[in-house]
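All chains should be modelled from the sequences, with the hints used to inform the complete structure.
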Amino acid sequence: MTTQAHGRAAVGLPHQATVTPGEKTLSLKAFRQTGRTRAVLPGEIGVRPGPATLRQSIIVPTYNERDNVPALLARLAAALPHDDTEIVFVDDSTDGTPEVIEEAARDYPIAITVHHRDEGAGGLGGAVVEGMRIARGEWIVVMDADLQHPPEIVPDLIAAGLRDGADLVVGSRYANGGNTGGLADGYRKLVSRGSTLLVKTLFRNSLLAVSDPMSGLFAIRASSLDAAALRPLGYKILLELIVRNRPGRIVEVPYGFQARHAGESKSTAAEGLRFLKHVGGLRFGAARLRMLAFALIGLSGLLPNQAVLWALLHLTDVHYTAAAVAANVVAVGWNFALTDTLLYRNHRRRGPASRFARFFLMGNADLLLRIPLLAVLVSGLHLGVLAGNLLTLVASFVIRFLISDRLIYRAGKKP
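Numbering (our numbering), first residue to last: 1 to 415.
None of these hints come from the bench; they were simulated from the model.
We put the beta carbon where it would ideally sit given N, CA and C, even for glycine.
Check the hints yourself; a few may be wrong.
[What the hints assert, rightly or not] Label-pair distances were calculated between CB atoms; the ranges are:
1. Leu315 x Arg193: 49 to 55 angstroms
2. Leu162 x Asp118: 52 to 58 angstroms
3. Asp67 x Leu190: 38 to 44 angstroms
4. Ala387 x Gly181: 54 to 60 angstroms
5. Leu342 x Thr316: 29 to 35 angstroms
6. Leu197 x Ser354: 39 to 45 angstroms
7. Val318 x Leu369: 18 to 24 angstroms
8. Phe360 x Gly181: 53 to 59 angstroms
9. Ala365 x Arg204: 40 to 46 angstroms
10. Leu361 x Ser223: 49 to 55 angstroms
11. Asn179 x Ser223: 46 to 52 angstroms
12. Ala78 x Ala121: 32 to 38 angstroms
13. Leu315 x Arg350: 34 to 40 angstroms
14. Asn179 x Glu119: 34 to 40 angstroms
Below is the structure:
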């Protein structure tokens, strides 16, 4: 729930009733429900004004940034017009960041909204999209809380958009006059450059006018934004926005990337993997990406399959068809472990026993076709057993993927 109010301290409530002074003390625990919004703005608690459009909304996603909030708010207040601005914090923190914001907001001259999320769906990108849905500004500015994006550049972003009639203004580290001085070390600079080169190669047409598609600092005209079309995953929301929303005119404003004010970077190896998954989904589509991942898992399953088949053929007297069946059972167990853990971790609709039973049945049902085909290839066409087994596995791949994707995990449908 989102509420807007005016006063020294205002709180989002389930109902729009006026609150008496005795009701002002509310437990912070009440605001830990998913989707509940706490607004801390300049009036009387519980009183909502009519809808208003501001010049700019500053969206700041936060995850354990309590030590950065006071400095960020002070610099934003010094740089921005107070009456035509709002700041929207979308918070996934566990360190009390919302309480720090609330304390700072009591005497703060700019309207502030705090939206705390318990689930944190979509990571930082998901937080930004939720903030976009709450925002009331004609321009929506997205920036980090750690002061690596200098707050003083926000007026320049808006001015550039108005001057050039732009839909999107990107704060760029790589445009002429910008720099990446705040990146911690050579490794992070290499990762930044490499990821930028990757996405500019994959999305060449969409990113012709953008030197820094991985930037976390940008302003978009609200009338050019379609938040419902965004499918964020991880922290690179600008790339998602450009590819899916296709804004018309894009301009850039160079800036110097600053060192983190306090705390530790949230960039991790796990975030890197989410980024690669996000890029793959944007470029190839979710279904094609799953099929590619399924193929790679299936390819890895060839190793235990062929190894067990070879061992049974050379170390025992088992007939090659029985050996192929035993090898397939081992490979199905291997494939299930990887598929269930890595590929469909967020699409589980049944218990583990049910998923395994269905996967095991599907993985071995094709033996009814593969074994006769293997017999034809080996006994009829005199092909080697290992080569014939490999051909039958390739032939069954598409059927296996469709059954897993649509019947076991139903990944193509929303829950």
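CB-CB spacing for Thr316 and Leu342 relative to the 29 to 35 angstroms hint: Once the Cβ atoms are compared, 33 angstroms apart, the range 29 to 35 angstroms for Thr316 and Leu342 holds.
Beta-carbon spacing of Leu197 to Ser354 - inside the hinted bounds 39 to 45 angstroms or not: Given a distance of about 44 angstroms, which is inside 39 to 45 angstroms, the answer is holds.
Outcome of range test on Cβ distance (Ala365, Arg204; 40 to 46 angstroms): holds, 43 angstroms
Ser223 and Leu361 - C-beta distance against the hinted 49 to 55 angstroms: Taking Cβ atoms as reference, Leu361 and Ser223 lie about 53 angstroms apart, which means the hint holds.
Range hint compliance [Cβ, Leu315 to Arg350, 34 to 40 angstroms]: holds, 38 angstroms
Beta-carbon spacing of Ala387 to Gly181 - inside the hinted bounds 54 to 60 angstroms or not: holds, 57 angstroms
Leu162 versus Asp118 beta-carbon gap, inside 52 to 58 angstroms or not: violated, 38 angstroms
Status of the given 53 to 59 angstroms range, CB of Gly181 versus CB of Phe360: At 55 angstroms between Cβs, range holds.
Satisfaction of the hinted span 34 to 40 angstroms by the C-beta atoms belonging to Asn179 and Glu119: Roughly 37 angstroms apart at Cβ, these two residues keep to the hinted range, so it holds.
Outcome of range test on Cβ distance (Val318, Leu369; 18 to 24 angstroms): holds, 21 angstroms
Hint check for Leu190 and Asp67 - Cβ pair distance inside 38 to 44 angstroms: violated, 28 angstroms
Distance restraint hint 49 to 55 angstroms, applied to the beta-carbon atoms of Leu315 and Arg193: For Leu315 and Arg193 the Cβ distance comes to about 52 angstroms; the hint holds.
Going through the hint list in order, the structure does not satisfy hints 2, 3, 11.
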